[in-house]
Amino acid sequence: MIIRPILTRFCVTVAIFASTGAAAHGPGDIVKPKFEQPIPNLPGKSIVAVEVEYPPGGSSLPHMHAKSAFIYAYVVSGTVESKVNDGDVHVYHAGESWSEPPGASHPVSRNASKTKPAKLLAVFVVDSNDKELTTPVR
Numbered sequence: 001m002i003i004r005p006i007l008t009r010f011c012v013t014v015a016i017f018a019s020t021g022a023a024a025h026g027p028g029d030i031v032k033p034k035f036e037q038p039i040p041n042l043p044g045k046s047i048v049a050v051e052v053e054y055p056p057g058g059s060s061l062p063h064m065h066a067k068s069a070f071i072y073a074y075v076v077s078g079t080v081e082s083k084v085n086d087g088d089v090h091v092y093h094a095g096e097s098w099s100e101p102p103g104a105s106h107p108v109s110r111n112a113s114k115t116k117p118a119k120l121l122a123v124f125v126v127d128s129n130d131k132e133l134t135t136p137v138r
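When we follow the working numbering, the leftmost residue of the sequence shown carries the number 1, and every step to the right adds one.
These are calculated hints, taken from the structure and not from any lab test. Please note that the accuracy of each hint is not assured.
[Stated by the list, open to error] With a straight-line cut-off of 27 Å between C-alpha atoms, the simulated DSSO-like cross-links for lysine-lysine are:
{"id": "1", "residue 1": "Lys116", "residue 2": "Lys45"}
{"id": "2", "residue 1": "Lys114", "residue 2": "Lys131"}
{"id": "3", "residue 1": "Lys32", "residue 2": "Lys67"}
{"id": "4", "residue 1": "Lys119", "residue 2": "Lys45"}
{"id": "5", "residue 1": "Lys34", "residue 2": "Lys45"}
{"id": "6", "residue 1": "Lys83", "residue 2": "Lys119"}
{"id": "7", "residue 1": "Lys32", "residue 2": "Lys131"}
{"id": "8", "residue 1": "Lys114", "residue 2": "Lys45"}
{"id": "9", "residue 1": "Lys116", "residue 2": "Lys67"}
{"id": "10", "residue 1": "Lys83", "residue 2": "Lys32"}
{"id": "11", "residue 1": "Lys116", "residue 2": "Lys34"}
{"id": "12", "residue 1": "Lys114", "residue 2": "Lys83"}
Small disclaimer: the values here were computed from a predicted structure and weren't measured.
Given the sequences, and given the hints that come with them, work out the whole structure.
Okay, here's the thing in structure tokens:
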């Protein structure tokens, strides 16, 4: 029956996005799932995309990314400050992007503006069974 595979994919998607959205994000950001799909020519790998909206002055909690997750981040609008691992804090404007290696620490991810919102798209290439995409740093 066709309902069972659809229901299974839906449940897996919800589980992935529930762990992504709630685990490492704070009250200063809004995370929206946008896409999730196994990669056909890379068995065991999936691509997952989330949109992160930062209100003026908003930020994410410091967090680590999954050990299998390679991340491409693209600033859709506004200006975002980001620090990956022990690197410098960088300011990215709409249209700019960066990448994060698997297992990266992300101590700074915030809106650089106190008056205008910002939005970024984060695209994860991750092991399909790696459900915890972000973990808060305590």
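Each hint, compared with the structure:
no. : hint            : result
1   : Lys116 - Lys45  : violated (36 Å)
2   : Lys114 - Lys131 : violated (33 Å)
3   : Lys32 - Lys67   : holds (22 Å)
4   : Lys119 - Lys45  : holds (26 Å)
5   : Lys34 - Lys45   : holds (17 Å)
6   : Lys83 - Lys119  : holds (16 Å)
7   : Lys32 - Lys131  : holds (16 Å)
8   : Lys114 - Lys45  : violated (38 Å)
9   : Lys116 - Lys67  : violated (33 Å)
10  : Lys83 - Lys32   : holds (21 Å)
11  : Lys116 - Lys34  : holds (23 Å)
12  : Lys114 - Lys83  : holds (18 Å)
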